[in-house]
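Engineer: Make the full structure from the sequences, and use the hints.
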Amino acid sequence: MTVLDMSQVALRELNSTLQAAAKDRKNEAFDITNPRGSHAVAVGLDGPLDVTIKGSTGYYCAGMNKEATVTVEGSTGPGVAENMMSGVVTIEGDASQYAGATGRGGLLNIKGNASSRCGISMKGIDIVVHGNIGHMSAFMAQRGNLVVLGDAGDALGDSLYEARLFVRGKVKSLGADCIEKEMRPEHLTFLKDILEKTGADAKPEEFKRYGSARKLYNFNIDHADEY
Amino acid sequence: MDKTPHTEPRQSWTFSQEVNSEIRRAAATGIYDIRGGGAKRRVPHFDDLLFLGASMSRYPLEGYREKCDTSVTLGTRFAKKPIELKIPITIAGMSFGALSGHAKEALGRGASLAGTSTTTGDGGMTEEERGHSEKLVYQYLPSRYGMNPDDLRRADAIEIVVGQGAKPGGGGMLLGQKITERVAGMRDLPVGIDQRSACRHPDWTGPDDLEIKILELREITNWEKPIYIKVGGARPYYDTALAVKAGADVVVLDGMQGGTAATQDVFIENVGQPTLACIRPAVQALQDLGLHREVQLVVSGGIRTGADVAKALALGADAVAIGTAALVALGDNDPKWEAEYNALGTTAGAYDDWHEGRDPAGITTQDPELMKRLDPVAAGRRLRNYLNVMTLECQTIARACGHNHVHNLEPEDLCALTMEAAAMAQVPLAGTSWWPGKGGF
Numbered sequence: 005m006t007v008l009d010m011s012q013v014a015l016r017e018l019n020s021t022l023q024a025a026a027k028d029r030k031n032e033a034f035d036i037t038n039p040r041g042s043h044a045v046a047v048g049l050d051g052p053l054d055v056t057i058k059g060s061t062g063y064y065c066a067g068m069n070k071e072a073t074v075t076v077e078g079s080t081g082p083g084v085a086e087n088m089m090s091g092v093v094t095i096e097g098d099a100s101q102y103a104g105a106t107g108r109g110g111l112l113n114i115k116g117n118a119s120s121r122c123g124i125s126m127k128g129i130d131i132v133v134h135g136n137i138g139h140m141s142a143f144m145a146q147r148g149n150l151v152v153l154g155d156a157g158d159a160l161g162d163s164l165y166e167a168r169l170f171v172r173g174k175v176k177s178l179g180a181d182c183i184e185k186e187m188r189p190e191h192l193t194f195l196k197d198i199l200e201k202t203g204a205d206a207k208p209e210e211f212k213r214y215g216s217a218r219k220l221y222n223f224n225i226d227h228a229d230e231y
Numbered sequence: 007m008d009k010t011p012h013t014e015p016r017q018s019w020t021f022s023q024e025v026n027s028e029i030r031r032a033a034a035t036g037i038y039d040i041r042g043g044g045a046k047r048r049v050p051h052f053d054d055l056l057f058l059g060a061s062m063s064r065y066p067l068e069g070y071r072e073k074c075d076t077s078v079t080l081g082t083r084f085a086k087k088p089i090e091l092k093i094p095i096t097i098a099g100m101s102f103g104a105l106s107g108h109a110k111e112a113l114g115r116g117a118s119l120a121g122t123s124t125t126t127g128d129g130g131m132t133e134e135e136r137g138h139s140e141k142l143v144y145q146y147l148p149s150r151y152g153m154n155p156d157d158l159r160r161a162d163a164i165e166i167v168v169g170q171g172a173k174p175g176g177g178g179m180l181l182g183q184k185i186t187e188r189v190a191g192m193r194d195l196p197v198g199i200d201q202r203s204a205c206r207h208p209d210w211t212g213p214d215d216l217e218i219k220i221l222e223l224r225e226i227t228n229w230e231k232p233i234y235i236k237v238g239g240a241r242p243y244y245d246t247a248l249a250v251k252a253g254a255d256v257v258v259l260d261g262m263q264g265g266t267a268a269t270q271d272v273f274i275e276n277v278g279q280p281t282l283a284c285i286r287p288a289v290q291a292l293q294d295l296g297l298h299r300e301v302q303l304v305v306s307g308g309i310r311t312g313a314d315v316a317k318a319l320a321l322g323a324d325a326v327a328i329g330t331a332a333l334v335a336l337g338d339n340d341p342k343w344e345a346e347y348n349a350l351g352t353t354a355g356a357y358d359d360w361h362e363g364r365d366p367a368g369i370t371t372q373d374p375e376l377m378k379r380l381d382p383v384a385a386g387r388r389l390r391n392y393l394n395v396m397t398l399e400c401q402t403i404a405r406a407c408g409h410n411h412v413h414n415l416e417p418e419d420l421c422a423l424t425m426e427a428a429a430m431a432q433v434p435l436a437g438t439s440w441w442p443g444k445g446g447f
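Residue numbers (this note's numbering), protein chains in the order written: chain A, 5 to 231; chain B, 7 to 447.
Derived by calculation from the structure, the hints in this document are not laboratory data. Be aware that one or more of the hints could be misleading.
[Stated by the list, open to error] Pairs of lysine-lysine, DSBU-like flavour, derived with a Cα cap of 30 Å: (1) A:207 with A:176; (2) A:27 with B:86; (3) A:207 with A:196; (4) A:185 with A:115; (5) A:196 with A:212; (6) B:87 with A:27; (7) B:87 with B:342; (8) A:176 with A:212; (9) B:86 with A:30.
[Unchecked claim] If you anchor each label on the Cβ, the simulated ranges turn out as follows: (10) A:187 with B:31: 26 to 32 Å; (11) B:18 with A:177: 28 to 34 Å; (12) B:32 with A:207: 52 to 58 Å; (13) A:16 with B:31: 53 to 59 Å; (14) B:211 with A:190: 33 to 39 Å.
[Stated by the list, open to error] Non-contacting residues of chain B with respect to chain A, defined by C-beta distances greater than 12 Å in every case (computed): (15) 62; (16) 68; (17) 175; (18) 218; (19) 414; (20) 435.
For each residue, glycine too, the CB sits at the ideal point set by N, CA and C.
Structural biologist: What follows is the structure in structure tokens.
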């Protein structure tokens with residue numbers, strides 16, 4: 005276990021060390037102490053690595069992660085795990101806006117709440133939020149799964165493409181072209197697996213599934229009211 | 007026979023045949039016109055400026071004998087590895103999806119032969135363009151289609167697209183008929199559906215956020231790559247100042263004559279400012295910040311000739327970017343396809359339905375049969391020739407004005423033919439030492 009203390013180590017040195025270790029593919033473990041809300045902590049990791057951040061971070065923590073496992077023992081600022089490609093990012097606290105934005109793969113596990121625009125434009129990532137999510141979450145989401153144990157804010161899944169949304173609590177409102185859909189056996193199986201994997205305290209049967217009505221997939225003037 | 011005199015039929019200026027045809031088209035289809043290309047209306051342009059060659063008060067350089075340097079380095083502010091180009095003309099961002107793979111390859115070949123860079127676009131980086139582009143700028147776009155940290159690292163520079171000249175504030179729409187399996191795969195979307203390019207980045211909302219986003223991109227790429235910020239020419243002074251504040255190494259300023267793959271005609275023709283009007287305010291912003299030439303300015307939107315290049319540089323730009331002109335050089339809208347353009351209801355030179363994917367020249371299409379019509383090697387050579395001609399033209403003007411580097415061109419080398427151009431470029435009206443606004447009114 006290597007400890008990198010951000011009260012002593014500059015951001016550039018921290019990320020260089022982590023990126024080099026990820027590239028070496030030795031699956032090392034690092035503890036980051038005193039993150040003090042710093043931005044861009046543990047970004048661009050490109051290989052198997054186990055990073056634990058002991059405290060809260062600012063913007064874009066674990067951005068564009070590939071293969072690495074990053075755990076934040078605190079809360080994160082906007083854009084955590086943005087454009088993540090693979091690996092696992094876990095937030096023990098809450099996440100601010102745009103969590104998992106444009107994420108292409110891997111798992112983002114938020115133990116607290118997430119703010120607005122969670123999973124915006126997601127493109128293949130799986131996001132599990134144990135608490136609530138804010139408004140306009142999964143806006144223009146293309147692929148992947150957003151699982152929410154709590155409630156969702158306004159305009160969930162607005163202009164959704166093929167991403168699947170599962171919400172256990174209340175949905176304040178659905179966005180344009182987002183509808184409730186039948187929960188089929190494969191969805192229950194998926195939920196069972198991911199809930200187990202993320203340690204989420206919920207049962208698959210408690211969720212409702214939402215997806216695209218696909219009415220807006222090709223422009224049609226008869227749907228102009230939806231825009 | 008009625009001998010009463012009649013008034014000759016008279017067309018309305020307001021309701022011209024062109025306007026009436028658009029009203030009829032809108033009534034029949036129920037949707038605004040979407041098209042490619044850029045603004046077609048006449049706006050004040052570089053044509054409205056003239057150079058003042060040397061005679062007595064200035065001393066010219068000998069053409070073809072005395073050296074006139076054209077090299078430019080972009081990204082000298084923060085990047086460890088600035089981009090060094092032989093010529094001050096770059097290829098603007100155009101997407102794979104809008105363009106065929108062959109067209110991307112041809113752009114890479116031509117630009118590399120001429121010693122300059124190409125730029126990716128919405129849709130991500132293709133092997134064709136990375137493989138054939140000696141210097142490749144990777145666009146980081148609001149849609150984040152095809153965004154990949156591996157490609158970010160494989161690029162020579164990163165261009166964060168905030169706005170585009172043809173549509174400042176607007177997104178795009180690539181219609182379903184162009185969405186082949188390959189295009190769809192790169193964009194994480196199903197085949198055949200319309201693909202909307204977002205008008206704003208999903209995970210930042212202003213220059214303060216952008217500053218942090220740039221920090222992230224630099225941390226991921228070891229602070230090596232120059233960071234460009236591209237803005238549409240709408241509020242050039244403030245947008246340039248804020249781009250610099252956010253940490254740009256290079257500002258790319260795209261005026262309203264800039265091209266687009268698929269945007270509403272009403273947007274293309276009615277939003278943004280002419281390129282000519284955008285340059286001086288942007289340069290002023292850089293000068294006010296004490297960073298002119300330290301943060302480089304790349305200007306695009308309707309650049310066609312070496313004279314346009316020279317005029318943009320004289321007004322304070324460090325380089326220009328070409329898009330539409332590069333496609334024409336490759337062979338787009340070539341009269342040899344006239345019969346096929348006619349069959350599409352248009353004519354060579356006016357074809358702009360790039361989003362429909364039926365480009366007879368094989369450039370703005372994903373149709374495998376049409377794509378074969380473009381030989382990337384031959385087309386690359388045409389682009390190289392065109393870039394070389396523009397550079398020679400720019401050099402010959404610079405020499406005539408007495409400069410041994412094209413960057414030494416200055417506003418004092420110019421005069422304007424019209425009041426509008428004089429006001430926008432802030433150079434004297436021909437035959438005077440005055441421009442509108444000079445002296446405070």
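Engineer: All hints are to be evaluated individually against the structure, with a verdict given for each.
Structural biologist: Against the structure, the hints:
| no. | hint | result |
| --- | --- | --- |
| 1 | A:207 with A:176 | holds (21 Å) |
| 2 | A:27 with B:86 | holds (21 Å) |
| 3 | A:207 with A:196 | holds (7 Å) |
| 4 | A:185 with A:115 | holds (26 Å) |
| 5 | A:196 with A:212 | holds (14 Å) |
| 6 | B:87 with A:27 | holds (21 Å) |
| 7 | B:87 with B:342 | violated (43 Å) |
| 8 | A:176 with A:212 | holds (14 Å) |
| 9 | B:86 with A:30 | holds (28 Å) |
| 10 | A:187 with B:31: 26 to 32 Å | violated (45 Å) |
| 11 | B:18 with A:177: 28 to 34 Å | violated (47 Å) |
| 12 | B:32 with A:207: 52 to 58 Å | holds (53 Å) |
| 13 | A:16 with B:31: 53 to 59 Å | holds (56 Å) |
| 14 | B:211 with A:190: 33 to 39 Å | holds (37 Å) |
| 15 | 62 | holds (56 Å) |
| 16 | 68 | holds (50 Å) |
| 17 | 175 | holds (16 Å) |
| 18 | 218 | violated (4 Å) |
| 19 | 414 | holds (37 Å) |
| 20 | 435 | holds (46 Å) |
Against the hints set out earlier in the document, violations occur for numbers 7, 10, 11, 18.
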